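Residue numbers (the working numbering), protein chains in the order written: chain A, 1 to 172; chain B, 1 to 507.
Don't read these hints as lab results, they were simulated from the structure. Keep in mind that the hints are not guaranteed to be accurate.
[Unchecked claim] Listed next, the in silico DSS-like pairs over lysine-lysine satisfying Cα-Cα at most 30 Å (straight line):
#1 A:K103 to B:K427
#2 A:K165 to B:K384
#3 B:K107 to B:K379
#4 A:K81 to B:K489
[What the hints assert, rightly or not] Cβ-Cβ distance ranges computed for the label pairs, FRET-style:
#5 B:F240 to A:L69: 46 to 56 Å
#6 B:F240 to A:I139: 44 to 54 Å
#7 A:P145 to B:V405: 33 to 43 Å
All values reported here derive from a predicted model rather than from experimental measurement. C-beta atoms are modelled at their ideal positions from N, C-alpha and C, and glycine is treated no differently.
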Amino acid sequence: MKKVNLLGGDILAGIFFFILGIFCAYTSFLMILESINKGKVETKMIGFYETWFTSPGLLGTLLGIIMILLGACLAIQAIRKGGNLKFISWLKIKSIIISLEFKRGLLALILFGIYVFGLLGRIHYYIATFLFLSSVMLIFYRKSPFKLIFICAIVSFLLTFFFGKVARIPLP
Amino acid sequence: MNIDLIFQAIQQVLSFNFIILVFLGSLIGVIVGALPGLTTTMGIAILTGITYKFEGLNAIALLLGLYIGGTYGGSISAILLGIPGTGAAAATTLDGFPLAKQGKAVKAITIAREASFIGTLIGILCLTVFIRILFKFALQFTSPEYFLLAITGVMLSGSVTSESAVKGWIAGIFGLIISLIGVEELYCYPRFTFGSVELYSGLPFIPLMIGFFGIPQYIDNLKSDVDITVQEIKGFGLGFKEVLSRLPLVIRSGLLGTGVGLIPGVGEDVAAWVSYETAKKTSKHSEDFGKGSIDGLIAAETANNACIGGALVPLLSLGIPGSPPAAVLLGALMLHNIRPGPMLQFEAPYLIYQIIFFLLVGTFALLAIGLVMARPLSKILEIKPSIVMPIVASLCVIGSYALDVRMLDIWLVFIFGVIGYILSILKFPPAPFVLGVILGPLADSNLRRALTVSSGSLSIFITRPVSLFLLFIILLMVLNQFGIISKIKDLKLSIINKRKEGKKSVK
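My request is simple: use the sequences and hints to build the entire structure.
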């Protein structure tokens, strides 16, 4: 079952990279066209012609085309091995969402996201880090809360003091 | 070899300060390597950000110490926990953990330490010998060779580090595309910046690496609530008897490890597996492998540490890293205005010998720290990931912010952390991506330079022998991946069989 899910993931990944390849190749090719059009008129300031092979879009076009081929290849290989997109059903998604592992992983990510986007740069680094560390440890460790809060306070202080004051590294 | 040059180089760094820094780096490396969830690559990335304001040689001493310590440190958790601390110690787990379960934890740790020590020395010796040869060879490289070398390196890394070469190549190409973001150097033309001035300088390498390697580990370790059982260590281990009594195995493993390190982007974990499998196939007691075989343990640990020296050869001589930690080290060197490549021997002639000196000090530091820290580390290993990982995440933030003092860098850690996590679930290897990001600018500028020299003619890539050879390698990899080579072999075999049948019927 897991293998089928991975193959299904490969199909999705293949489609994603296929689209990424198209975007990259198209955008880069426009840069090449722009270079060729500019090259038809001598640039007075620097006095040389832009050409397709000096264009900023050259490597991007090449990589985009390769990505299109590889993305298609990945999706086709996965389909040939028996993969399908049937796993994208509400029941399947629901079973993943309600699994404990998924919830723990998502919560860990959300807490880090709140730390990075919500706390840092808005409140003092020490307080932001203390809140982050204590929330993660209390939620995931769940034992000896007072001991954990004490550890978080000490660790946050040590990080702020050692990196901020001793090593003089700028802190957010 | 200029002996005066070597003495002058070493004289500059033969001070208490540098030796302490290497020892400190090794200590940090051993701890980072030992803790499952922390990798050497991540450790080097975080420390690069933190040591950004250090003087160049000081930072290099610390980072090289971490590289050596981290590669060895993974064996400690592999043996005591059955969980490799780093990818490089995955093969060590197979025989190290069974030995620990048999009550021989001290013996296993001692053997791993001595094997790592000798492996690192073999790698350093090969580095000293090969780098001079490669410098001479690399001076003949021009733009077409550098472009194709970058592409070949990414594709080789993709082929070797992944079960599916297509996934490896996609990861590499994705890394190359990411490297295009920003204002390019020839016309100052902004590529893929979407009008954002913040992206004009491109995506910074170190925060990208910190996010890509650090955050997936943070999520992985917190999502599963596994109880850790650490095997007990009784006694004290010293002596090289077991390792030296298997000298041919040690030397072969060391050379294999160094050889794998020479291949761009492949790294210590592949080196360990290649050596382990070779030892198993050539052993008279292959049935013991996986059950506590000392040969298996020695093969894996010697090779993964020997790979360090091998990985530094293409890094210093060509500017192409031989492993993911070496790739981050390349970023660190560039941050300190050191440009690895064939010109390094002229621009910074002392540096190569100073790096070799730091590696030697780091090797002895590994021995000392491994001896002293085995028991305290077994206590540290008992700390739950839910305590360690949030602290690591905070260090990721500090490491990424310290470079340019921008909130964007911290946000990139999060974004690339999510991307890295999704790619790891889908089994896309990280090494080709890292290589792609770091080699992208090299590939871009050299492609355009090569075509400028040839006025747009593609023949420049096939008229030069090294370029032609590299093109041949790329073609071989593609044909092999899509089964065309095996189809050609089958066709050849069927033709030969038909001819034989034809001859028999005539008779």
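Right, here's what the structure says about each hint:
Between the alpha carbons of K103 of chain A and K427 of chain B the distance comes to roughly 21 Å, so the proposed pair stays at or under 30 Å and holds. For the given pair, K165 of chain A sits about 29 Å from K384 of chain B by alpha-carbon distance, which is consistent with the 30 Å threshold. Simply put, K107 of chain B and K379 of chain B have alpha-carbon atoms about 18 Å apart, close enough for the 30 Å limit, and the pair holds. At roughly 24 Å between alpha-carbon atoms, K81 of chain A and K489 of chain B fall within 30 Å of each other, so this suggested pair holds.
A C-beta distance of roughly 52 Å is found between F240 of chain B and L69 of chain A, which places it inside the suggested range of 46 to 56 Å. For the pair F240 of chain B and I139 of chain A, the beta carbons lie near 47 Å from each other, so the given range of 44 to 54 Å is met. For the hinted restraint 33 to 43 Å between P145 of chain A and V405 of chain B, the CB-CB distance of approximately 35 Å keeps it satisfied.
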